[in-house]
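Enquirer: As a plain string of letters, each chain reads:
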Amino acid sequence: MLGGLNCLKRRDNWLAGSSVAGMVVGTVFIVIFASATVTMVDIVNKAQLAAQVELPDPEIILVSVVWDEVDTLTYTITNTGSEAVKIEHIFLSEDNADPFSCSTLTRTPSLTYIFPGETISAVEAGLGASPSRAFLVVFEYSSSVAVTT
Amino acid sequence: MGDGPSELIMLTTGLIVAALVSGLLLSTWDTMSQGLEKQGEQEIKNAKTRASLVSDPSAISWDNTADEAFIFVQNSGKISLNIDSTYIFLDGNGMTVTPIDAVGVTWSTGVVVKFKIESLTDLTFAADTPYFLSVGVSSLSYSPVGTHSFTEVVRLDVS
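Which chain is which? The protein sequence lines are W and R, in order. Last residue of the first sequence: 1369 in the numbering used here, with the numbers rising by one and none dropped. Last residue of the second sequence: 161 in the numbering used here, with the numbers rising by one and none dropped.
If you are wondering where the hints come from, they were derived from the structure by calculation, not from laboratory data. Wrong hints could be hidden among the right ones.
Stated by the list, open to error - DSBU-like, lysine-lysine: derived pairs with alpha carbons at most 30 Å apart: (1) W:K1266 with R:K80; (2) R:K118 with W:K1306; (3) R:K80 with R:K118; (4) W:K1306 with R:K116.
Said to hold, decoys possible - Which chain W residues face chain R? A few, computed with CB under 8 Å, are given here: (5) A1241; (6) V1245; (7) V1251; (8) I1252; (9) A1254; (10) A1256; (11) T1259; (12) M1260; (13) K1266; (14) A1267; (15) A1270; (16) S1313; (17) D1315; (18) V1357; (19) F1359; (20) E1360.
Stated by the list, open to error - Far from chain R, by Cβ distances over 12 Å, these chain W residues were calculated: (21) V1248; (22) F1253; (23) I1281; (24) E1289; (25) V1290; (26) T1294; (27) T1296; (28) T1298; (29) E1308; (30) T1326; (31) R1327; (32) S1341; (33) V1343; (34) S1350.
Backbone N, C-alpha and C define an ideal beta-carbon position, used for all residues, glycine too.
Chain R extracted, bound-state conformation (with noise of 0.2 Å):
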């Protein structure tokens, strides 16, 4: 007589478990797809940002008064970078970074802008003196915002 209903109380129980179960198995699973999602994303993004320098890296002239230079850059990836997220370091210092008769923010693939590059601090660069110039940059487009950086060793032509 008791078979029945117990059978029944036990194929609920093992159902709501299973299910229980299931579903924090299957948000689990959701959580990882979508970081997987996202990192790719990101991964792709990066992939198609890039900027390269155009300035020769042997003679970058460097006013010791003005604490100021000009670097040229070149988007070098596939989609457009944003000019205004640009920044530059110095030999570690950290520039004030201003672009030069550039018209808004997009910056297209194989164009080149002109950066002024000031330090708000006083430094004072050796001539025939190897510096490392870092320079990073974002891509225009948000969700996610790609980046890069790269890093050149210069030579400064300092006056």
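Only chain W is shown next, with the shape it has when bound in the complex (with noise of 0.2 Å):
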């Protein structure tokens, strides 16, 4: 008789200490696999970071450019964007010659950026004859007028 309770109290152990281990086995396994998880979530919301890259978005527009008589060509140039631009980084070109640096000319005013809204005038001095095309270009954003005299 107390050889039989002995057991069934034994077996009762048995399976009070399995369950036990199964429950710590388990949460061990799950806080695992949440952590995982979670690590998984984050990288896939790194990974999205990349549609938010801003890149430069200027807007330049050459407004005119007039050839004088006296061998000049001057260029006016509006900012209608909504970001400030270096004036070092608007290159311009006239027909197919090489483009130059609008920094490089003479600047009214002179300024070393061009803030949305504002228009400078820039003057090339020296040219032999009047091309008839200029264009300008800033990053990935371009503008061209024909030259008028």
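Using the hints, put the two standalone chains together into the complex.
Expert: In structure tokens, the structure reads:
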């Protein structure tokens, strides 16, 4: 009789031990998988940052380019965009000549940056003949006008 | 009598199987995470790597005798580029690209580099004909290398 009771008691201990061990192991697995899930979600969120990379998006237009009889070309440039643009990043060219930075010209006013809404004049001197067309590029934005006299 | 040990065996077996399956799952999970991480880093790098044509696409001088032209390209991205990694195709023809007046390989944001492009084979282009100009650039930094390419229709001023 006592032997039977002891056997039942031992069996209950085994069952209780198994349950506790199962719970502990299960909890450990849940923690590991939860941690792995959180890490993966974090990595996926980081991967989404590529879409949030903000590149320079300037909008600078050539309002006019006027040829003067004293062999000078006057560029009128306006920032119609929403961000300030460094003048040295603005490149001009006439017809098929090599482009040059706007910062190499005499400018009025003599700014380092052109802010949204601002207009500047830049004068190029010493040209032999009037070009027919002028072209402006700043990053991925370009503008072009016919040269007037 | 036999219930205790048999449950222990079952529990141990269950734990071993669970550990093996979990290890496999976690390994797969880790591989996926690494893949996503690398892909994300690559996409961010590519997004920051940009370049644009500064030369007037309506009038690019091309010398039919020397088979060469000069192209101006601006780094319009957010990170420095490697000048020596630039490649240019004109009308599908791979060009030999030589940077002019460039010091070193670092190509900072906003800077314009003049490239001499020449063909090793004899090419004859016609004036007033549109051609495709493709330019590819790579970031200066590694791990990973950002890449960008663009294609523009250009008109050649043939001489």
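Enquirer: Against this structure, judge whether each hint is valid.
Expert: Hints and how they fare:
| no. | hint | result |
| --- | --- | --- |
| 1 | W:K1266 with R:K80 | holds, 18 Å |
| 2 | R:K118 with W:K1306 | holds, 26 Å |
| 3 | R:K80 with R:K118 | holds, 25 Å |
| 4 | W:K1306 with R:K116 | holds, 20 Å |
| 5 | A1241 | holds, 6 Å |
| 6 | V1245 | holds, 6 Å |
| 7 | V1251 | violated, 11 Å |
| 8 | I1252 | holds, 7 Å |
| 9 | A1254 | violated, 12 Å |
| 10 | A1256 | holds, 5 Å |
| 11 | T1259 | holds, 6 Å |
| 12 | M1260 | holds, 5 Å |
| 13 | K1266 | holds, 5 Å |
| 14 | A1267 | holds, 3 Å |
| 15 | A1270 | holds, 4 Å |
| 16 | S1313 | holds, 5 Å |
| 17 | D1315 | holds, 6 Å |
| 18 | V1357 | holds, 5 Å |
| 19 | F1359 | holds, 4 Å |
| 20 | E1360 | holds, 5 Å |
| 21 | V1248 | violated, 9 Å |
| 22 | F1253 | violated, 8 Å |
| 23 | I1281 | holds, 16 Å |
| 24 | E1289 | holds, 25 Å |
| 25 | V1290 | holds, 25 Å |
| 26 | T1294 | holds, 19 Å |
| 27 | T1296 | holds, 19 Å |
| 28 | T1298 | holds, 20 Å |
| 29 | E1308 | violated, 7 Å |
| 30 | T1326 | holds, 20 Å |
| 31 | R1327 | holds, 17 Å |
| 32 | S1341 | holds, 21 Å |
| 33 | V1343 | holds, 20 Å |
| 34 | S1350 | holds, 16 Å |
When held up to the earlier numbered hints, the structure conflicts with 7, 9, 21, 22 and 29 and fits the remainder.
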